[in-house]
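Residues in the sequence shown are numbered consecutively from 1, following the numbering used here.
One or more hints might be untrue.
With a straight-line cut-off of 27 angstroms between C-alpha atoms, the simulated DSSO-like cross-links for lysine-lysine are [said to hold, decoys possible]:
{"#": "1", "residue 1": "Lys-27", "residue 2": "Lys-48"}
{"#": "2", "residue 1": "Lys-13", "residue 2": "Lys-26"}
{"#": "3", "residue 1": "Lys-17", "residue 2": "Lys-32"}
{"#": "4", "residue 1": "Lys-48", "residue 2": "Lys-24"}
{"#": "5", "residue 1": "Lys-15", "residue 2": "Lys-32"}
{"#": "6", "residue 1": "Lys-27", "residue 2": "Lys-62"}
{"#": "7", "residue 1": "Lys-15", "residue 2": "Lys-27"}
{"#": "8", "residue 1": "Lys-17", "residue 2": "Lys-5"}
Label-pair restraints from in silico Cβ distances [stated by the list, open to error]:
{"#": "9", "residue 1": "Leu-58", "residue 2": "Ala-16", "range": "37 to 43 angstroms"}
{"#": "10", "residue 1": "Glu-39", "residue 2": "Thr-12", "range": "40 to 46 angstroms"}
{"#": "11", "residue 1": "Ile-40", "residue 2": "Lys-17", "range": "33 to 39 angstroms"}
{"#": "12", "residue 1": "Ser-42", "residue 2": "Glu-9", "range": "48 to 54 angstroms"}
{"#": "13", "residue 1": "Leu-25", "residue 2": "Lys-48", "range": "30 to 36 angstroms"}
{"#": "14", "residue 1": "Lys-13", "residue 2": "Ala-35", "range": "29 to 35 angstroms"}
{"#": "15", "residue 1": "Ala-23", "residue 2": "Thr-55", "range": "32 to 38 angstroms"}
{"#": "16", "residue 1": "Lys-32", "residue 2": "Asn-6", "range": "58 to 64 angstroms"}
Just so you know, the hints here were simulated from the structure itself, not pulled from any lab data.
Positions of the beta carbon are idealized from the N, C-alpha and C atoms, including for glycine.
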Amino acid sequence: MRSLKNINEDYTKTKAKIAELTAKLKKLEQEKTIAENSEIISAIRGGKMNERELTALLRTFKGGQDPIKPEKKEETNQ
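Start from the sequences, fold in the hints, and give me the full structure.
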């Protein structure tokens, strides 16, 4: 059986690691949002899309789907 001292040390280290990873995750989420926004702005400024394509792109980003590989709906045989 481990001693209380060892358990407390592991507990403290684990809490510190969780805090570190939580901060890293928050930073990555911010960077992801900035990168997504930059891609959208570049596509819009490029003027390579018509209104329908632009609307589809914005809906895709809002829904969190990959615009290159949209999710396929499963077909059901009835």
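Quick rundown of the hints versus the structure:
1. A C-alpha spacing of about 31 angstroms is found between Lys-27 and Lys-48, which places the hinted pair above 27 angstroms, so the restraint is violated.
2. With a C-alpha separation of about 20 angstroms, the suggested pairing of Lys-13 with Lys-26 holds against the 27 angstroms cut-off.
3. Our distance criterion of 27 angstroms between C-alpha atoms is met by Lys-17 and Lys-32, whose separation comes to about 22 angstroms.
4. Between Lys-48 and Lys-24 the CA atoms are separated by roughly 35 angstroms; this puts the pair beyond 27 angstroms, and the hint is violated.
5. About 26 angstroms separates the Cα atoms of Lys-15 and Lys-32, which keeps this hinted pair within 27 angstroms; it holds.
6. As the CA atoms of Lys-27 and Lys-62 are separated by approximately 20 angstroms, the hinted pair is consistent with the 27 angstroms bound.
7. Taken as a hint, the Lys-15 and Lys-27 pair is honoured in the structure, with Cα atoms around 19 angstroms apart against an allowance of 27 angstroms.
8. Annotation: proposed proximity of Lys-17 to Lys-5 holds, straight-line Cα distance about 18 angstroms (limit 27 angstroms).
9. The hint said 37 to 43 angstroms for the Cβ distance between Leu-58 and Ala-16, and at roughly 40 angstroms that hint holds.
10. Distance hint check for Glu-39 and Thr-12: the Cβ-Cβ separation is about 41 angstroms, which falls inside the suggested range of 40 to 46 angstroms.
11. Distance hint check: the CB atoms of Ile-40 and Lys-17 are about 35 angstroms apart, consistent with the given range 33 to 39 angstroms.
12. For Ser-42 and Glu-9, the hinted distance range of 48 to 54 angstroms is satisfied, since their beta carbons lie about 49 angstroms from each other.
13. Remark: the range hint 30 to 36 angstroms for Leu-25 to Lys-48 is upheld by a beta-carbon distance near 34 angstroms.
14. Between Lys-13 and Ala-35 the C-beta distance comes to about 32 angstroms, which sits within the given range of 29 to 35 angstroms.
15. For the pair Ala-23 and Thr-55, the supplied restraint of 32 to 38 angstroms holds, since their beta-carbon distance comes to about 36 angstroms.
16. The beta-carbon spacing between Lys-32 and Asn-6, approximately 38 angstroms, falls outside the hinted interval of 58 to 64 angstroms.
Hints 1, 4, 16, counting from the list given before, are not met by this structure.
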